[in-house]
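Turn these sequences into a full structure, and let the hints guide you.
Quick mapping for you: the protein sequence lines, in order, are chains A and B.
According to my numbering, the stretch in the first sequence is residues 1 to 158, in order.
According to my numbering, the stretch in the second sequence is residues 1 to 578, in order.
By construction, these hints were calculated from the structure, which means they are not laboratory data.
Certain hints may be false.
Claimed, not checked - 27 Å max Cα-Cα, derived DSS-like pairs, lysine-lysine:
no.	chain 1	residue 1	chain 2	residue 2
1	B	144	A	73
2	B	204	B	231
3	B	311	A	3
4	B	298	B	204
5	B	180	A	67
6	A	73	B	311
7	A	73	B	193
8	B	378	B	263
9	A	145	A	80
10	A	67	B	311
Fair warning: this is a prediction, and the values are worked out from it, not measured in the lab.
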Amino acid sequence: MVKHTLSVLVENKFGVLARVAGLFSGRGFNIDSLTVGETQDSSISRMTIVVHGDDAVLEQVTKQLNKLIDVIKVQDFQDKCYVGTELALIKVYASSKNRSEILQIVDIFDGKIMDVTEKSAIIEITGISDKIDSFINLLRPFGIKEMARTGKVAIAKG
Amino acid sequence: MDMTTRKGAEVIIESLLKERVDAVFGYPGGSVLDIFDLLYESPVNFYLVRHEQAAAHAADGYARSTGKVGVCLATSGPGATNLVTGIATANMDSVPMVALCGQVPTNMIGNDAFQEADITGITRPVCKHNYLVKDVNELPVILKEAFYIASSGRPGPVLVDIPKDVQRTATSVPYPESVKIRGYEPTYDGHIKQIEKVAHEIKKAKRPLIYAGGGVIISSAAEELLKLVNKTNIPVTTTLLGLGCFPETHPLALKMLGMHGTKYANYAVMETDLLISIGARFDDRVTGKIAEFAPNAKIIHIDIDPTAISKSVTVHIPVVGDAKNVLKKLNEIIEPGDTKEWCETIQKWKTEYPLSYEDKEDIIKPQYVVEKIYEVTKGEAIITTEVGQNQMWAAQFYKYSIPRQFLSSGGLGTMGYGFPAAIGAQVANPDKVVFDVAGDGSFQMNIQELATAVTYQLPVNVAILNNNFLGMVRQWQELFYSRRYSSTCLAKNKTCPVSCGEPGAACPVMIPDFVKVAEGYSAVGMRITKRSDVVPALKEAIKIKRPVVMDFVVDKEENVFPMVPAGASLKQMISGIS
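Written out as structure tokens, the structure reads:
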């Protein structure tokens, strides 16, 4: 089943997130990730929702979202027509022995060290989900203590 | 305080008057005291029900029978939660409704205050939209939006939750004349290219069939539908909610399709080469097994709600728009195809497989009662139903030909709907004869509304098809569960054997005695046990113009046929009589 990135402009009001989340749970649609934040117009928020499903499911998801009164616009981003990125914070075990090895990987992936202690380091990384996944896989052997991912945010090109 | 400044509660009354709401159904309570204080001497007609669920159903009956927005009002907490079934019922059947409820003061929300419930959270999945009003300055716009959303596009219920302090705080924001909502712009006009495609397919088709639903009634498209049929000679089958949108006395009427539809309607679905769905949503009770529904047909779907299109059945030509607008355009360009042979086939099926039942002299058949209600009311009554066998017999054996004359909970299947809906319909249509075709089970779910009918002198007729059973469930138990009548016999008591699949003369008397109940409420009660008494009783009931409860003691184990088992193909029809 294909993953789709939906960009949904909604009224920036309380309860809208609950409506959208409730729609997905109530109709049995699966959310891979959902992010929400204000746009340049403070009365409008943008939700970026990553879902998977076949064409019929996606058609229903899109229509059902559009049916919500507080939803202003729904776009199903097709490949190459949008820029999408994700941010992750990863707290990894890092001792004096392996710290330089970790730093090397961080460097290759264009990550940033946000905090270092004797036993661990917090790394910030941004990029497409696949890149973040591979980065996490490389860090796993060192031991990941904690992790936070934002889910994808996206915007149309042009 | 200047002239335009008024309290939130006053804004609510102002809204009701500006929206020309001439009836509100509800029940008072702590957090709506300010509203009720204003209703005390107000031109708004308020109807005090005896349970909030009935307020929602009465508003629903008012709305379905008129097309206007029905309004119900309840207090916070249990008052609001009691509305939920009625709201969900209206939502499934696209009924315009505004449900107003009180809420605890804003500073107490979330504190588990007395009679607090998160009613916007609870109703979110079962209404078209809802609001929690946190600032009185938003109240005028929110109320306007509520009425607009409820009555436009695909109609539905909108709940407005109004905290007590908001009702008591003043605002000078005027009640708007109109509102525009950027995320909500229903499509009324069908795309002309799509309508042309429809016309093209109709011209080509050899065996076309119209499948018309509640949308035809909601958009007042019955006249255009009749025009289309008379121009093209395409037979029409309707859904349960579509009953009345096309005269069943018309030679091309096939009555209802689906699980308890006519054989000829279901045969037509199996054989059609072009299925034209208008304002219907391919509900599972209509389609049966999806893969075998209309297997030889191209499917056209005209509907105002884009989500209804290709939801369960893949549609070849979708037309998003209001049924009336689309049919009007279609009628301008339509050219008839050749349906002569098809109509002959259908006529043959109609003669060969009519709806029927085995009438008997010594016992009252429930179908007979419905037929006689039709005859006595000359087909002009408003019929509401409860849910189950009574609902299906009412659908099958009354011939509907007037839009908004048949009110039934089709989508949600809410037992207890019919009686309060009949009350709402009678309020809206004081000159019409209103019948609730009821079951002995369903009627008891809102039996307390006898008090409402009596106190407001509403001459609603309740025709109980009393078989001592929760008949439809018993029917399924008989057919699919080896007659194991688990919890469906309403006469069963502690003296009965645990296992009993054979009701007989030695059975206990069913509780309650409906005649005594009716009399206890100062309504008229009648018990009819003989077939020959059915017609005189019906005539008498209509004549006395008071709330009447008719307890028709009918054949206990009569079944609704034809029947397509759940999930089976429409061609697998069970018929009870040979």
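Consistency of the hints with the structure:
| no. | hint | result |
| --- | --- | --- |
| 1 | B/144 x A/73 | 23 Å, holds |
| 2 | B/204 x B/231 | 15 Å, holds |
| 3 | B/311 x A/3 | 20 Å, holds |
| 4 | B/298 x B/204 | 11 Å, holds |
| 5 | B/180 x A/67 | 16 Å, holds |
| 6 | A/73 x B/311 | 21 Å, holds |
| 7 | A/73 x B/193 | 25 Å, holds |
| 8 | B/378 x B/263 | 25 Å, holds |
| 9 | A/145 x A/80 | 35 Å, violated |
| 10 | A/67 x B/311 | 14 Å, holds |
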